[in-house]
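Engineer: Here is how the chains run, residue by residue.
There are 2 protein chains.
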Amino acid sequence: MLEKRKPLQVRDAQRMMLEHAASLHTEWLPLEKAAGRVLAEDVTADAAVPPFDRSPYDGYAVRAEDTKGAGRDTPVHLQILETIGAGSVPDKEVTPGTASRIMTGAMIPSGADAVIMLEQTSNDTSGEMAVYRECAAGENIVRKASEMAEGEVVVTKGTTVHPGVTAVLAAFGHSRVLVRRRPRIGVIATGTELLEPHEALETGKIRNSNAYMVLHQLAEAGAETVYLGKLDDDLPSAVRSTGDALESVDALITTGGVSVGDFDFLPEVYKQLGADVLFNKIAMRPGSVTSAAVIGKKVLFGLSGNPSACFVGFELFAGPWIRASQGDEAPYLQKGRAVLGEDFSKPNPFTRFIRGTFHDSGSTVCVPAGMDKSQAVTTLAHTSILIVLPGGTRGYQKGDEVDILYLHSSGSQEPLHPEKRAGS
Amino acid sequence: MLEKRKPLQVRDAQRMMLEHAASLHTEWLPLEKAAGRVLAEDVTADAAVPPFDRSPYDGYAVRAEDTKGAGRDTPVHLQILETIGAGSVPDKEVTPGTASRIMTGAMIPSGADAVIMLEQTSNDTSGEMAVYRECAAGENIVRKASEMAEGEVVVTKGTTVHPGVTAVLAAFGHSRVLVRRRPRIGVIATGTELLEPHEALETGKIRNSNAYMVLHQLAEAGAETVYLGKLDDDLPSAVRSTGDALESVDALITTGGVSVGDFDFLPEVYKQLGADVLFNKIAMRPGSVTSAAVIGKKVLFGLSGNPSACFVGFELFAGPWIRASQGDEAPYLQKGRAVLGEDFSKPNPFTRFIRGTFHDSGSTVCVPAGMDKSQAVTTLAHTSILIVLPGGTRGYQKGDEVDILYLHSSGSQEPLHPEKRAGS
Numbered sequence: 001m002l003e004k005r006k007p008l009q010v011r012d013a014q015r016m017m018l019e020h021a022a023s024l025h026t027e028w029l030p031l032e033k034a035a036g037r038v039l040a041e042d043v044t045a046d047a048a049v050p051p052f053d054r055s056p057y058d059g060y061a062v063r064a065e066d067t068k069g070a071g072r073d074t075p076v077h078l079q080i081l082e083t084i085g086a087g088s089v090p091d092k093e094v095t096p097g098t099a100s101r102i103m104t105g106a107m108i109p110s111g112a113d114a115v116i117m118l119e120q121t122s123n124d125t126s127g128e129m130a131v132y133r134e135c136a137a138g139e140n141i142v143r144k145a146s147e148m149a150e151g152e153v154v155v156t157k158g159t160t161v162h163p164g165v166t167a168v169l170a171a172f173g174h175s176r177v178l179v180r181r182r183p184r185i186g187v188i189a190t191g192t193e194l195l196e197p198h199e200a201l202e203t204g205k206i207r208n209s210n211a212y213m214v215l216h217q218l219a220e221a222g223a224e225t226v227y228l229g230k231l232d233d234d235l236p237s238a239v240r241s242t243g244d245a246l247e248s249v250d251a252l253i254t255t256g257g258v259s260v261g262d263f264d265f266l267p268e269v270y271k272q273l274g275a276d277v278l279f280n281k282i283a284m285r286p287g288s289v290t291s292a293a294v295i296g297k298k299v300l301f302g303l304s305g306n307p308s309a310c311f312v313g314f315e316l317f318a319g320p321w322i323r324a325s326q327g328d329e330a331p332y333l334q335k336g337r338a339v340l341g342e343d344f345s346k347p348n349p350f351t352r353f354i355r356g357t358f359h360d361s362g363s364t365v366c367v368p369a370g371m372d373k374s375q376a377v378t379t380l381a382h383t384s385i386l387i388v389l390p391g392g393t394r395g396y397q398k399g400d401e402v403d404i405l406y407l408h409s410s411g412s413q414e415p416l417h418p419e420k421r422a423g424s
Numbered sequence: 001m002l003e004k005r006k007p008l009q010v011r012d013a014q015r016m017m018l019e020h021a022a023s024l025h026t027e028w029l030p031l032e033k034a035a036g037r038v039l040a041e042d043v044t045a046d047a048a049v050p051p052f053d054r055s056p057y058d059g060y061a062v063r064a065e066d067t068k069g070a071g072r073d074t075p076v077h078l079q080i081l082e083t084i085g086a087g088s089v090p091d092k093e094v095t096p097g098t099a100s101r102i103m104t105g106a107m108i109p110s111g112a113d114a115v116i117m118l119e120q121t122s123n124d125t126s127g128e129m130a131v132y133r134e135c136a137a138g139e140n141i142v143r144k145a146s147e148m149a150e151g152e153v154v155v156t157k158g159t160t161v162h163p164g165v166t167a168v169l170a171a172f173g174h175s176r177v178l179v180r181r182r183p184r185i186g187v188i189a190t191g192t193e194l195l196e197p198h199e200a201l202e203t204g205k206i207r208n209s210n211a212y213m214v215l216h217q218l219a220e221a222g223a224e225t226v227y228l229g230k231l232d233d234d235l236p237s238a239v240r241s242t243g244d245a246l247e248s249v250d251a252l253i254t255t256g257g258v259s260v261g262d263f264d265f266l267p268e269v270y271k272q273l274g275a276d277v278l279f280n281k282i283a284m285r286p287g288s289v290t291s292a293a294v295i296g297k298k299v300l301f302g303l304s305g306n307p308s309a310c311f312v313g314f315e316l317f318a319g320p321w322i323r324a325s326q327g328d329e330a331p332y333l334q335k336g337r338a339v340l341g342e343d344f345s346k347p348n349p350f351t352r353f354i355r356g357t358f359h360d361s362g363s364t365v366c367v368p369a370g371m372d373k374s375q376a377v378t379t380l381a382h383t384s385i386l387i388v389l390p391g392g393t394r395g396y397q398k399g400d401e402v403d404i405l406y407l408h409s410s411g412s413q414e415p416l417h418p419e420k421r422a423g424s
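Sequence order for the protein chains is X and A.
In terms of UniProt numbering, the first sequence is residues 1 to 424.
In terms of UniProt numbering, the second sequence is residues 1 to 424.
No wet-lab data here; the hints were simulated from the structure.
None of the values given here were measured: they were computed from a predicted structure.
Don't take every hint at face value.
As the list claims (entries may be wrong) - Footprint (simulated), chain A over chain X, 3 or more residues, beta carbon under 8 Å:
1) 87–94
2) 163–172
3) 228–235
4) 326–332
Using N, Cα and C, we set each Cβ at its ideal position, and we do this for glycine too.
The shape of chain X in the complex, shown without the other chains (with noise of 0.2 Å):
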């Protein structure tokens, strides 16, 4: 008799996922190996942002009250104390009738309470510049601590280190950071009919482009990958191979092999290893027969052997985990709106994951990869996102709004649109 499993709904799989991430111990790295890691402490400011009163133009630094009068016909002279630059410290005080030359970032003289742009004065050789209009005391003054106070939180922990990421650890001294290791995911393949990319085809034997596909998909998410070739189709010997691959790694992924049928036995080794079932079932088209396990603190993921499920399965199980484990706050695939490019008019009970690309000519539209049948490999080759469809009674017309998930891997071919100018 066939095995009766209960669907569950993909944001339920998720929950659950989640709650048997890994914790992952930290490690300290230099700041430029931190790249696409995730931080494991809230990262704060060393100093006040400016630390000190600062100019945000090149231009004067001035006394407000002396401009008192100042017009276009009435300019008031100012005596040239000093150039200040930026990195350096100012020499001298501003006083009644003097002005300091004062470049972008560098510090308020004493004595100045406000800034005068470069184009805004005249100068000539004889040591003294013009003013052309009144300024206001604490004009073109950007306070100390105005945008951050010392021991300010700048980055929590959970984020991912992205380079505005890396720009802030930078600016506020980090030149070590704490992060979560990378979990080392092992991976392997079943199925009798697998050959290697390298080997020449044999009649009734497709290549292996899962394992492959899945191991570019682990980078991706931050993982440390160890590929463990294909199962042996022996259960004693599979069940043994499967044990010892889990001793070495947080996670093992198995591809192919989770079907209801006779010849998948991938449910029996878990049985054989004791683990605990989590689902092996989802309410989701390509890739229901997704399943996981646990045993202790390792977990299994079961993949589809078909290629488009499998990678549907490890953008909404996998990848997450694999993120979540780093203590990544945001481990899920970003999620946008399009208008659908194309009818999905047969209805479907599950939710249905389109390999689909987008473009925007006005609104974003999403449009299918190509022909959407789980056997289509190709039009993984071609897909940037996946379109979300809802499972229900009805299908979907062109012109609908749907969800879709980002996958990280998209450009673009256009440059800046032609400016569009508002009020033009």
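Chain A: place on chain X using the hints.
Structural biologist: Showing chain A alone in chain X's frame:
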């Protein structure tokens, strides 16, 4: 007198950079090392897909003719010949009154012209199975080459190898792939006020965050990086070191030193090196002082010393140049559309690129990452998109639809939506 600079539109500057993209030589890489690289030739199918007529389901391969008259109460009994697993070759021809058990993906045996799903049959221990419905000829048979003919192009030149492309390359036996080499890019910081992240703060000085940020952006864009430290203050030695650095790289990025002002001498360095300036002012905020120049086939990018302007200048000009130089046919940031979550009522003649994030609540809503002063380095840590506000005489209101550019660094805290069922 201050130099007058004519601002270029962003789009025109982007196009100009691409005209000066390098054409890097090609190299063969093993598939598992090709992640993120750009294909230098079209990749073809080394065999038809599927390579033989195959079964999409677990079931029985039958002669449709034999199932005539089969019904719920009038089953047709067929003798089971053999079991055909995925990857194996059928031994027997299906003849009248017989059927072969067939697994998902397995080859259709000769004689059979339909597959009936396992669920629609029953069997007993007598070596016979029962069919409860009629099959049509051709039913549940995936025809040889129905997805792809041998020799057909499956992925085109100029495509970046993301996991879906890896799957397709593996499936078609491309264990080695031809890609363009990665460009080698040098980074030089300018500014006497700069301290390295490990150095203690001194009065008047700030940390060099730009160089570390740009090194990370470069790595994301697929470049090899060389950090060359700070540029000398002394003009002749700055010219010499810049010239020397250019020898060993494809492009050089400097941060800072590009403003109009007497302390900024990068324009003079360009001049003495005999560089041909492509642009030195762009109609954008921040980053209007972003410059680019060429010397022979080498490119000099002059990014602003202001962290946010530096960031934006990189993403709009340097990133696309780096990707295009590798042959990437989609080198620009992916664009999308979103609804403004806040007012930007002040008009600006230049196009603004607001550092922001987005979320979806019905439609995609974009919001600024924090105060958008170009000084605000901390907002970079919270930026996952750039919000594009074309220049003009009016400002923008909350609710306006605008373009956004994705920075490939975003994730989500939310698992999939509660499933919204169409038609319920």
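Engineer: Against this structure, judge whether each hint is valid.
Structural biologist: Hint check results:
Using a Cβ-Cβ cut-off of 8 Å, 3 residues of the stretch 87–94 of chain X lie near chain A, which meets the minimum of three, so the contact claim holds. Counting residues of the stretch 163–172 of chain X whose C-beta lies closer than 8 Å to any C-beta of chain A gives 10; at least three are required, and the coverage claim holds. Interface restraint, the stretch 228–235 of chain X with chain A: violated (0 residues with C-beta to C-beta distance below 8 Å; minimum three). Counting residues of the stretch 326–332 of chain X whose beta-carbon sits less than 8 Å from any beta-carbon of chain A gives 5, enough to reach three: the coverage restraint holds.
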